[in-house]
Amino acid sequence: MNCKKAERLIPLAAGNDLSGKKAAALLIHLERCPDCRKEAAELEHALRAAKALAGGDRTGDWSEAEWLNLMRNVRAAGIQKKRVWAEIPLKPVVVGGLGLVLLVFGSLLLKKSPAPVVTRAAFESPSIEQAAPKGIDGQPGVTSRTIVSKETGLKIIWFYNKNFQGDGFGK
Amino acid sequence: MNDREKTLVERVLNGDLAAFEPLVTPYRKPLLGLACRITRNSEDAKEVAQETFLRAFKYLKSFDIEKEFKSWIFQILVRAARNYRHKQSKYEVLAMSEPAKAMAIAPGQDPERRHDGDEIRSRLSDCLDTLTPREKEVFLLRDIEDMNIRESARVLGCSAVSVRVHLSAARKKIRVRIKERYPELLEDGR
Ligand SMILES: [Zn+2]
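Chains as they are written, first to last, in my numbering: chain W, 1 to 171; chain C, 1 to 190.
No lab work stands behind these hints: they were computed from the structure.
Here the structure is a predicted model, which means the values were calculated and not measured.
Just so you know, not all the hints are guaranteed correct.
Said to hold, decoys possible - Calculated cross-link-like contacts (lysine to any residue; reagent style SDA-like; alpha-carbon spacing at most 25 Å):
no. : chain 1 : residue 1 : chain 2 : residue 2
1   : C       : Lys172    : W       : Gly56
2   : C       : Lys29     : W       : Ala77
3   : C       : Lys172    : W       : Val101
4   : C       : Lys58     : W       : Lys51
5   : C       : Lys179    : W       : Gly55
6   : W       : Lys51     : C       : Lys29
7   : C       : Lys172    : W       : Pro34
8   : C       : Lys70     : W       : Gly78
The task is simple: from the sequences and hints, build the whole structure.
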């Protein structure tokens with residue numbers, strides 16, 4: 001061990017805070033090195049002196065009346081109750097809550113969105129002639145049946161020719 | 001934690017609030033003493049110690065019964081003292097001679113002893129003045145309160161390595177101050 005390392009260990013050795021191995025190595029160095037030995041002795045004496053000063057130092061106390069009053073105040077302040085929510089695991093609650101919020105928003109958006117629009121062009125493009133070719137007597141042999149969905153407003157009209165071959169269009 | 005303390009903690013938690021006093025009485029003086037040395041003023045120290053008992057009682061439910069009650073209550077005190085220091089900002093400002101006069105002295109103590117007490121206190125205060133707040137906390141816990149390094153680390157909420165580093169620095173500074181201003185104390189020890 002050199003003096004530099006010894007200097008680092010001496011303050012800890014002064015208060016018996018070195019492990020056995022390090023303390024033994026330091027001791028060997030101190031036996032050979034008068035400078036470090038002097039330093040170690042001074043540190044030990046200084047530490048003992050500081051402890052003696054603290055031992056002789058009266059830091060004061062509460063009077064008995066003050067102490068009893070303090071304990072009364074402490075008891076009056078009460079013990080902190082364990083909060084119920086503190087025992088509820090936070091993560092699942094947060095995730096579940098966010099999911100619920102998203103669900104509510106989603107359903108609100110769906111409710112407000114307009115019913116699917118079926119364009120007029122889509123209805124008009126096939127002609128009645130196409131849908132109901134002429135009957136045997138040359139007159140358009142057309143008969144129709146309309147179905148309207150109450151939920152979506154979709155209107156389905158079925159056209160039949162005289163042979164009751166049908167064709168449907170959405171509106 | 002010893003069985004006596006364990007029983008007392010359980011009694012308090014089961015509603016026997018009077019059991020708190022015998023639980024903390026052994027720490028009454030050490031806590032006030034440490035608070036005095038940290039705050040350097042007996043009135044501030046009493047406030048810090050009172051806050052410590054209030055918090056210890058309030059949060060006793062969160063105390064792990066398998067751990068040391070002493071470490072736990074000292075930890076509360078150190079934190080209360082830090083908070084107080086923060087709030088008051090007079091930690092570094094107080095003049096050295098003021099706390100010596102302000103310290104409470106037992107009534108009936110004779111003036112000669114009172115004078116000696118002041119002298120001792122001012123010397124100790126003077127030595128502690130050379131330390132940084134962390135060095136002072138470490139030095140007071142390890143060397144004055146006689147806690148071991150691991151206990152001190154637990155109380156201060158830092159590593160044992162950090163305690164060793166600050167303790168080393170503190171002891172060197174104390175030695176320098178005593179050698180400079182009170183060399184007779186070194187002579188006495190020889
Ligand atoms: Zn050396």
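Against the structure, the hints:
Our distance criterion of 25 Å between C-alpha atoms is met by Lys172 of chain C and Gly56 of chain W, whose separation comes to about 22 Å. For the hint pairing Lys29 of chain C with Ala77 of chain W, the CA-to-CA distance comes to about 22 Å; that is within 25 Å, so the pair holds. For a cut-off of 25 Å, the pair hint linking Lys172 of chain C to Val101 of chain W is broken: about 63 Å separates their Cα positions. With a C-alpha separation of about 34 Å, the suggested pair Lys58 of chain C and Lys51 of chain W falls outside the 25 Å cut-off, and the hint is violated.
Taken as a hint, the Lys179 of chain C and Gly55 of chain W pair is honoured in the structure, with Cα atoms around 20 Å apart against an allowance of 25 Å. Proximity of Lys51 of chain W to Lys29 of chain C is assessed by CA-CA distance (about 17 Å); at most 25 Å being required, the pair is judged to hold. A C-alpha spacing of about 18 Å is found between Lys172 of chain C and Pro34 of chain W, which places the hinted pair at or below 25 Å, so the restraint holds. For the hint pairing Lys70 of chain C with Gly78 of chain W, the CA-to-CA distance comes to about 21 Å; that is within 25 Å, so the pair holds.
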